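Chemist: Residue numbers (this note's numbering), protein chains in the order written: chain A, 1 to 356; chain B, 1 to 265; chain C, 1 to 323.
Just so you know, these hints were derived from the structure itself, not from any lab. Only a predicted model underlies this, so the values are computations on that prediction, with no experimental measurement involved. Don't take every hint at face value.
Said to hold, decoys possible - Which bits of chain B does chain C cover? Going by a derived footprint, with three or more residues having C-beta under 8 angstroms, they are:
no., region
1, 92–106
2, 160–166
To be verified - Footprint (simulated), chain B over chain C, 3 or more residues, beta carbon under 8 angstroms:
no., region
3, 21–28
4, 199–209
Stated by the list, open to error - Chain B is nowhere near these chain A residues, computed Cβ spacing over 10 angstroms in every case:
no., residue
5, 8
6, 59
7, 120
8, 215
9, 226
10, 250
Yeah, the Cβ is synthetic: ideal placement off N, Cα and C, and Gly gets one too.
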Amino acid sequence: MRDLVLSGIRKDYGRVRAVDSVDLRLAEGQLTALLGPSGCGKTTLLRMIAGLETPSAGRILLGADNLTDRPAHKRKFGMVFQNFALFPHLTVRDNVCYALSIDGVPRAKAHARAEELLALVQLEGFGDRRIGALSGGQRQRVAIARALAQEPEVFLLDEPMSALDANLRETMQVELRMLQQRLGITTVVVTHDQREAMTMADRIVVMSDGLVEQIGTPQEIYHQPQNAFVADFIGRANFFDGVAREGSIDVAGLSLRAQPLNFTPGAPVRVAIRPERVQLGESLPDGNRIPAEVVFLRDVGATRDIHLATPLGTIIAEEAIGTGARRLDLGTRVEVNLPPEALHVFPAATHVPQAA
Amino acid sequence: MKGLAHLFMGLAAVVVLLPIVVVSAAALNGGRSMLFPPQDPTLSRFAEFFLTQPVWRDAMLNSVLIAAGSAALAVLIAWPLAYGLWREQGRGAQILAGLGAMPFALPPIVFGVGLGFFWGFSGGLGSLWTGIISHAVLFLALPLVTISIGLQSIDRAHLDAAATMGATEATAFRTIIAPQMLPYTASGFFFAFVLSFNEFIVMFFVSSSAYATVTLQIFNSLRNGFTPTMAVGAITFIAVSVAVFSLVARLGDLPRLMGADQTKS
Amino acid sequence: MSAIEDTSALPAEAPTRRLPSPRMLILWALIVTFCVVPFGLVLAISFGQKIEGAAWEWAFTGENYLRFFVGADWPESRTTLYLNRLWYSIYYAVIAALIAVLTAFPFAYLLTRLSRRAQSRWLVFLLATMSLSEVFIVMGWDILLSNRSGLPMVLRETGVTAWLKDVGWFAQLREWGLANPRDVKFKTSMVATVLTMSYLVWPYAVILLYPALSRLDQSTVEAARTMGAGPWTVMRTVVLPTVRLPLVGTVFLLFVFLLGTYVSVTVFADPSQQTLAISVYEAVRGSTLNAPFGAAQAVILLITGALCLWLGRTLVARTGTPA
Chain A
1 MRDLVLSGIR KDYGRVRAVD SVDLRLAEGQ LTALLGPSGC GKTTLLRMIA GLETPSAGRI
61 LLGADNLTDR PAHKRKFGMV FQNFALFPHL TVRDNVCYAL SIDGVPRAKA HARAEELLAL
121 VQLEGFGDRR IGALSGGQRQ RVAIARALAQ EPEVFLLDEP MSALDANLRE TMQVELRMLQ
181 QRLGITTVVV THDQREAMTM ADRIVVMSDG LVEQIGTPQE IYHQPQNAFV ADFIGRANFF
241 DGVAREGSID VAGLSLRAQP LNFTPGAPVR VAIRPERVQL GESLPDGNRI PAEVVFLRDV
301 GATRDIHLAT PLGTIIAEEA IGTGARRLDL GTRVEVNLPP EALHVFPAAT HVPQAA
Chain B
1 MKGLAHLFMG LAAVVVLLPI VVVSAAALNG GRSMLFPPQD PTLSRFAEFF LTQPVWRDAM
61 LNSVLIAAGS AALAVLIAWP LAYGLWREQG RGAQILAGLG AMPFALPPIV FGVGLGFFWG
121 FSGGLGSLWT GIISHAVLFL ALPLVTISIG LQSIDRAHLD AAATMGATEA TAFRTIIAPQ
181 MLPYTASGFF FAFVLSFNEF IVMFFVSSSA YATVTLQIFN SLRNGFTPTM AVGAITFIAV
241 SVAVFSLVAR LGDLPRLMGA DQTKS
Chain C
1 MSAIEDTSAL PAEAPTRRLP SPRMLILWAL IVTFCVVPFG LVLAISFGQK IEGAAWEWAF
61 TGENYLRFFV GADWPESRTT LYLNRLWYSI YYAVIAALIA VLTAFPFAYL LTRLSRRAQS
121 RWLVFLLATM SLSEVFIVMG WDILLSNRSG LPMVLRETGV TAWLKDVGWF AQLREWGLAN
181 PRDVKFKTSM VATVLTMSYL VWPYAVILLY PALSRLDQST VEAARTMGAG PWTVMRTVVL
241 PTVRLPLVGT VFLLFVFLLG TYVSVTVFAD PSQQTLAISV YEAVRGSTLN APFGAAQAVI
301 LLITGALCLW LGRTLVARTG TPA
């Protein structure tokens, strides 16, 4: 197996530690997303994989080959840059066959390969265009084709969607994922957009402050966040601070049933619940039922957010429109249920959750 | 407000053009005096300047040789300097570039005196090649600036991209940097060319009266007064400057080269 | 790995220390030889000694500087001839630089408001006039201001001169040195010298002010206007404060450039009001032939210029930091 292995990777810029002892195994043919807020070190990590930065410590291996000291131009991992970095003085075709031309591949052969790649990204007949004449989406396709021309063993993408319009992003995410699956190429995508990561990735690596917070499939990351940071960064969550007890948690004078695993009674904890797991209505199952008052309503198409004032603080509940068809008005008094199995309990104050 | 603005700009242009127009007209004088309006208009001064008077012909040849030679040499020195400055961005490279620009920033008469001594000691005072080197050093700052401006426009991500596609630093230089830098290099060459063409104080000290360029020839005969033949030189020089700078404007983005904001269109 | 560990201990992102490449060493040698040594020679020779004839010899004497400040016969007699010349160098350069910047500023501002295409055309025009040799410019002004065919003639022919005499302003002009007993004259006069010098640097002034003005954020101007500021208020409260530093910097640069002006001064200035550049020329290559003394004067000129560049920079740096 030609897995890409990072072991003990660290990167310091002076006193600033950009990446701190990262250990990762990126399985061959899989798409891994490095996900985190800006400044979390994900791009630095990607650039170290590409060979554009030298790690301060640690090793990078591809299968049995140690790549740590191999410069970028000898690794030849195809990379798509944030603003695509297409060469403005070359045509689309010359951009795509750049790697081949500088390698001394005969012109005719290189051009034929460029046509194949342009067809792959659905840009047949664009070979003679100037880069300046392309739209954002077309530029991205050229950048992808160009990075694939050298048939790289590893394909790297740095925030590939950030230069695109919002509505184009979703299409390109699906397209890129399908292309990657067809080619079966080991791929690493850096992104700060959790939807993008979940759309494309086999595995997601959540990072913050240079550290890996959690590694897992999109489902694991979403449903079983391992800490408050991940719960907050991936999707949305309501947070309360409380104290762990045997089989329950004390929050704001109320006792919530929950599974505070591995907490000594009396330990401060942080509890999270996803808005879509908050239940409200008349016939609620037994659980943690608390009184609430509707303070704000926000219809966002398929779902509706209900902001509720409760003894625990403001809770946001999300429900699919059409299921309940209940009329809710501002000021309506309701009961909400926080199902014990939906409550995630984390140690308090390991991370200050950042604004999502 | 808009009309007033145009009036002001027009007026400024007229004042700037006034002496140039007057000199051009004076070239038509039939006599030996610089009169305006010209007396007995004739074109024979042009023939004198370009064809019949060897003094002016030789001077013109020297002017062209020195301007072209020194501009080329200045570009050759400026390139590694600008590239080193851009690549390493260290304190050393900065000091080096500052020293390189010093002759241009300080009064030329002082540098001229210094070069006069310099070539006097090293032997070479009064040779054409020392004139070429002197002007190359004096105007080194110009290609240094244009090339540096050009290099700043190169996206470092392009070099990273090239590296991930297998390009070594040398290959990236050849395929990415050099082609994009052509207009800036040419601009630097032409700036140096035109300024060398018109310079005379430094040339006065390093030529040691062994040869003369057109402007130096005029400078040397300053005490005897100006003649209409010199005015022909003035016309030629203005024409060359306008042609060269028009070419620079064509080659690249002149407003950007002069430091305008790139994003504005 | 140890080399990398070492750099990580540095406070900032320092590029890995490399020995200077041979290419850089050659460049250093070249630049020092041609850009620094000539100035060094001027300095060294300024301490030299004139000997019989036109020759000089190495020495280490302060005589030349003494002569500059107090004259050769000090302490018997004291002459300020050369200090006077330095004074005129500075005086002309300051006034000409100020006139050039004051008139170039509105022009440059209006220029940056034009379309990119129009700007490009104006720049060609400005660069062409900027690079035009001083000898040609002086030639033009010489014709324009000469007593036989220029402005004085126009004034005489149109009767303005006669009118000036009638109203009695002619006497005032004579007092200013702008008229001889019969006619208005500009050659020689301080007005002509300074005007020609400011003409000489005017395109430079526009080109130096152009970057700052063209980078001026137009939305700040628009914001001020939405708050009720008229064009002049905008100019005074938004534009001028933003470009104050480049404005000051430009005055200093032009000043240094003008310190060495030669042709304009020889042609238009009265012999009693000549500058240091002229006497440097005369000492090194002209009539007086005293290379060490010429070098000393060049050093003084150089120091004046360098001092001004330094002053300009610190001024700009100091006022620039709080922003």
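Chemist: If a hint holds in the structure, say so; if it doesn't, say that too.
Modeler: Hints, verified against the model:
1. Counting residues of the region 92–106 of chain B whose CB lies closer than 8 angstroms to any CB of chain C gives 9, which reaches the minimum of 3, so the coverage claim holds.
2. A stretch counts as covered by a chain when three or more of its residues have a beta carbon under 8 angstroms from one of that chain; for the region 160–166 of chain B and chain C the count is 0, and the coverage is violated.
3. Counting residues of the region 21–28 of chain C whose CB lies closer than 8 angstroms to any CB of chain B gives 4, which reaches the minimum of 3, so the coverage claim holds.
4. Counting residues of the region 199–209 of chain C whose C-beta sits closer than 8 angstroms to any C-beta of chain B gives 4, which meets the bar of three, so the coverage hint holds.
5. The claim that residue 8(A) is not at the interface with chain B holds, since no C-beta of that chain comes within 10 angstroms of its own (minimum 24 angstroms).
6. Non-interface call for residue 59(A) relative to chain B: holds, since the shortest CB-CB distance, roughly 20 angstroms, exceeds 10 angstroms.
7. Residue 120(A), annotated as away from the interface, keeps every beta carbon of chain B farther than 10 angstroms; the closest lies near 17 angstroms.
8. Every C-beta of chain B lies more than 10 angstroms from that of residue 215(A), the closest at about 25 angstroms, which supports listing it as non-interface.
9. Every C-beta of chain B lies more than 10 angstroms from that of residue 226(A), the closest at about 33 angstroms, which supports listing it as non-interface.
10. Chain B leaves residue 250(A) outside its interface by the beta-carbon criterion, the shortest separation being 53 angstroms against a cut-off of 10 angstroms.
When each numbered hint is compared with the structure, a violation occurs for hint 2 only.
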